[in-house]
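Engineer: One letter stands for each residue in the lines below.
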Amino acid sequence: MENRSRETDRYWNVLSLAPLCLLLFFLTIIPLLSLIYTSFFKVTWSGGYLYEGVGFQNFFDLVENKFYIPGVKNTIQFALITVIIQILIAYVIAIVLNKIKYRIIYLSIFMLPILLPPIVIGSIWRLMYGFDFGLFNYLLSYLGIMPIDWLGDAKIAFISIIILDIWHWTPFSVILLITAIEGIPKDILEAGLIDGTNFLKEAYYLITPLIMPTIIVASLFRFIMSFKVFDEIYLLTQGGPGTATEVVSFSIYETYFESDNIGLGSAMSVTTLILIILIMYAVQKIYIKLRLNAHD
Amino acid sequence: MKGFVSLLAVCLLASTATAAKLNMLINQSPWFDGFRKTLVMYEEETGETIELDVTPYPGMSEKIRNSIRSPEAIYDIVITSTEFMATYANSGEFVNFNDIDPDFKLDSGICGYQDTSYWNYETRSFDAKNGEFIGIPVNGNVQVLYYRRDLYEEKGLQPPKTWDDLIKNAAEFHNPPRMYGMIQRSERGAVTYNFGPYMFSHGGAVYKDPQNGDFSIVFNSENNRKALEKYLEIRDKVGHPNAHSIGQGEMIQYLRTGKAAHAIAVIAAWGGMDDEEKSAVIGKMGAALIPSGPSGSASSLGHWEAHIPKNVKPEHQKAALKFLKWLVTKENQIKYTENGAVPVRCDLIYSPIAKEDRFRFIEALGQNSEVAKFIAPTVTAVESTAITNLYLNKIVAGEISIVDGLNQAAEELHKITADNGMKTGMLPKLK
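First to last, the sequence lines map onto chains A and B.
Numbering-wise (the numbering used here), the first sequence opens with residue 39 and increments by one.
Numbering-wise (the numbering used here), the second sequence opens with residue 506 and increments by one.
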């Protein structure tokens, strides 16, 4: 009887998961396999698509590509810097907001950057970063500081994009962290208060360990999202000056869609995907190791 | 009952006789409103309808590609910019207009634009002599010299004939940050286009002889070095120190706010100069032929050509060609100009509207159209322009020397042409 019930359960499990698996198969696995397949071809159009097998040539070509490799370096730097800063700021804001009574009002205000369409964000920040017409340089002039070329100086342009991204996406991490803090059982925090913890001790010894899984998930999620950065670059710098703000998404867009170089664009996409998987795998290993050490 | 059947038959006949409703892909631009107004005139005149898909520039190429490669066209008319004109011309997906109307040819009043209406599939180049007739220009966007005619009148100056004249005149007004003598548009996405007039006027080029199918790379020539030296000299003496981060939007902003005495910009930007809601320099801007270098004066082509894809139904092809023919007649090009679009006829210089102050740009447009050249008339234009943009931007930003930048760019360009099986070669390295 028990075996029969288990078999029925298994049947229903398979049946209920089947639509999702089919969706995943048709909308993710097949396109991904197609992308991998295409990356080994030179694809041209002559009344129909012509596929000429080139082996690994597209992968060799992307190593020499003047945009992709600088793009990979910049993207990794960009993702690491923005995620670390965003999570730190979000952590502080979430801890402070947790103590504020009408935090919903503040949260609504913090949410605004996420709600704005990318084109609006591009316009706002282009106006703020402008050399002669920009708000930042206008304010700096009152302090007697020389205008800064926010988007034209190779070193500053990269930082300008990072500042924009932090402004844009920190609220997202704040929401995740504040939700995690609100999920901490009240009796734990109250027990801490009885034991005489102050605000800083409570944050460090009680809240931080309890929301650590959320911090890790938020970091991973933001890291993946940062790897996909495109609109900000496209609207503000187009990857310049030089390749100072080039990122992989922009390189792939230019290659695949603008140059219609489908084979090379696919090879770039596959390489980027492998890179992200490797980084995620490494981060997961480190996380598991850290947790094991904590348990020991 | 008999009456009802007759009525039904009349209705059916009427519906079949109704003109084909066409679809056209067009880009969102400052000249679009002029195009739309002229189209309304055409629709009122002929009773025909053309639906427009108005698309921002970055989406144009993808939409053209999807339409011409599908079994049945989405658009009956598509327009291509110089950036991807050759790529799509070479796709073989555009109708030869003479297959629809064997007697049709562009009349001599329409600007030639270096033969971009004709494509030679053998040499993979624009060629009026041996090419197929696949394009009709619909927007004559070329670069012209914008200058402050009010300030020129105050100082009793004449528009500059040479680059040195430009430096001299611009120095009269150069007082940054209040006013810049000259604004150059050198951001990574646009610097090649802005550099074009300097390059051609110094006898430079990217390719040796593209019109005859020779795509040997001459980008690292002595002429281009001199052109770049002049470009940087202008920037250093009378230009904006951060030219390498200035794009078209900023350039127009400098002109309209009265912070630029000169700029080489597309004529499509003219529309806003006399617009009370957008400009602080109403009636103050003048347009002139771009200054000349040792090889004369030159501009860069940035015009648009209209094409009819082969996968369009034959009756739609005829209707589409009828509209395009109508659009480029002299009479309708005058209406087109009055509506605010950029005309494609060089003979408008001699029309009465060219004498009107509000159309004072027409003479400069005609002159610059005559000397405008195509920077990258090749199927690899997008890829090769990305390379020239990258290295020119690095040079202007001071990240790399002129010699190294030109040599490295030339190597990359050579690789692109060789990989695409084009007739190519390279100059010795510049020292």
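It is worth saying that the hints were derived from the structure and are not from the lab.
Heads up, the beta-carbon is just placed ideally off N, CA and C, and yes, glycines get one too.
There's no promise every hint is true.
[Stated by the list, open to error] Listed next, the in silico DSS-like pairs over lysine-lysine satisfying Cα-Cα at most 25 angstroms (straight line):
#  : chain 1 : residue 1 : chain 2 : residue 2
1  : B       : K928      : A       : K104
2  : B       : K840      : B       : K818
3  : B       : K542      : B       : K840
4  : B       : K840      : B       : K731
5  : A       : K80       : B       : K920
6  : B       : K660      : B       : K823
7  : B       : K920      : A       : K111
8  : B       : K713      : A       : K104
9  : A       : K80       : B       : K818
10 : A       : K104      : B       : K860
11 : A       : K80       : B       : K840
12 : B       : K660      : A       : K104
13 : B       : K920      : B       : K568
14 : A       : K266      : B       : K568
15 : B       : K742      : B       : K660
16 : A       : K104      : B       : K936
[Said to hold, decoys possible] Only some residues are given here: those of chain B computed to face chain A with a beta carbon under 8 angstroms:
#  : residue
17 : S596
18 : G694
19 : H821
Engineer: Decide, hint by hint, whether the structure agrees.
Structural biologist: A quick look at each hint next to the structure:
1. Between B:K928 and A:K104 the alpha-carbon distance is near 23 angstroms, which keeps this suggested pair within the 25 angstroms criterion.
2. Restraint check: the Cα-Cα separation between B:K840 and B:K818 comes to about 30 angstroms, which exceeds 25 angstroms; the hinted pair is violated.
3. A threshold of 25 angstroms between alpha carbons decides the hint, and for B:K542 with B:K840 the separation of about 9 angstroms falls inside it, so the pair holds.
4. Between the alpha carbons of B:K840 and B:K731 the distance comes to roughly 42 angstroms, so the proposed pair goes past 25 angstroms and is violated.
5. Restraint check for A:K80 and B:K920: the C-alpha separation of about 16 angstroms stays at or below 25 angstroms, so the hint holds.
6. Distance restraint check for B:K660 and B:K823: the Cα-Cα separation of roughly 55 angstroms exceeds the 25 angstroms cut-off, and the hinted pair is therefore not satisfied.
7. A distance of roughly 24 angstroms separates the Cα atoms of B:K920 and A:K111; the hinted pair therefore holds under the 25 angstroms criterion.
8. A hinted pair counts as satisfied when its Cα atoms are at most 25 angstroms apart, and B:K713 with A:K104 qualifies at roughly 24 angstroms.
9. Restraint check: the Cα-Cα separation between A:K80 and B:K818 comes to about 31 angstroms, which exceeds 25 angstroms; the hinted pair is violated.
10. For the hint pairing A:K104 with B:K860, the CA-to-CA distance comes to about 49 angstroms; that exceeds 25 angstroms, so the pair is violated.
11. Taking the CA atoms of A:K80 and B:K840, the gap is about 47 angstroms. The hint is violated against a cut of 25 angstroms.
12. The suggested pairing of B:K660 with A:K104 is violated, with an alpha-carbon distance near 48 angstroms, which exceeds 25 angstroms.
13. Taken as a hint, the B:K920 and B:K568 pair is broken in the structure, with Cα atoms around 28 angstroms apart against an allowance of 25 angstroms.
14. At most 25 angstroms may separate the alpha-carbon atoms for a hinted pair to count; A:K266 and B:K568 meet this at roughly 23 angstroms.
15. Distance restraint check for B:K742 and B:K660: the Cα-Cα separation of roughly 20 angstroms lies within the 25 angstroms cut-off, and the hinted pair is therefore satisfied.
16. At most 25 angstroms may separate the alpha-carbon atoms for a hinted pair to count; A:K104 and B:K936 meet this at roughly 23 angstroms.
17. A least Cβ separation of about 6 angstroms between B:S596 and chain A falls short of the 8 angstroms threshold, and the interface hint therefore holds.
18. For the restraint placing B:G694 at the interface with chain A, the shortest Cβ-Cβ distance is roughly 4 angstroms, inside the 8 angstroms limit, so the hint holds.
19. For B:H821, the suggested interface contact is broken, since its CB lies about 20 angstroms from the closest CB of chain A, more than 8 angstroms.
When held up to the earlier numbered hints, the structure conflicts with 2, 4, 6, 9, 10, 11, 12, 13 and 19 and fits the remainder.
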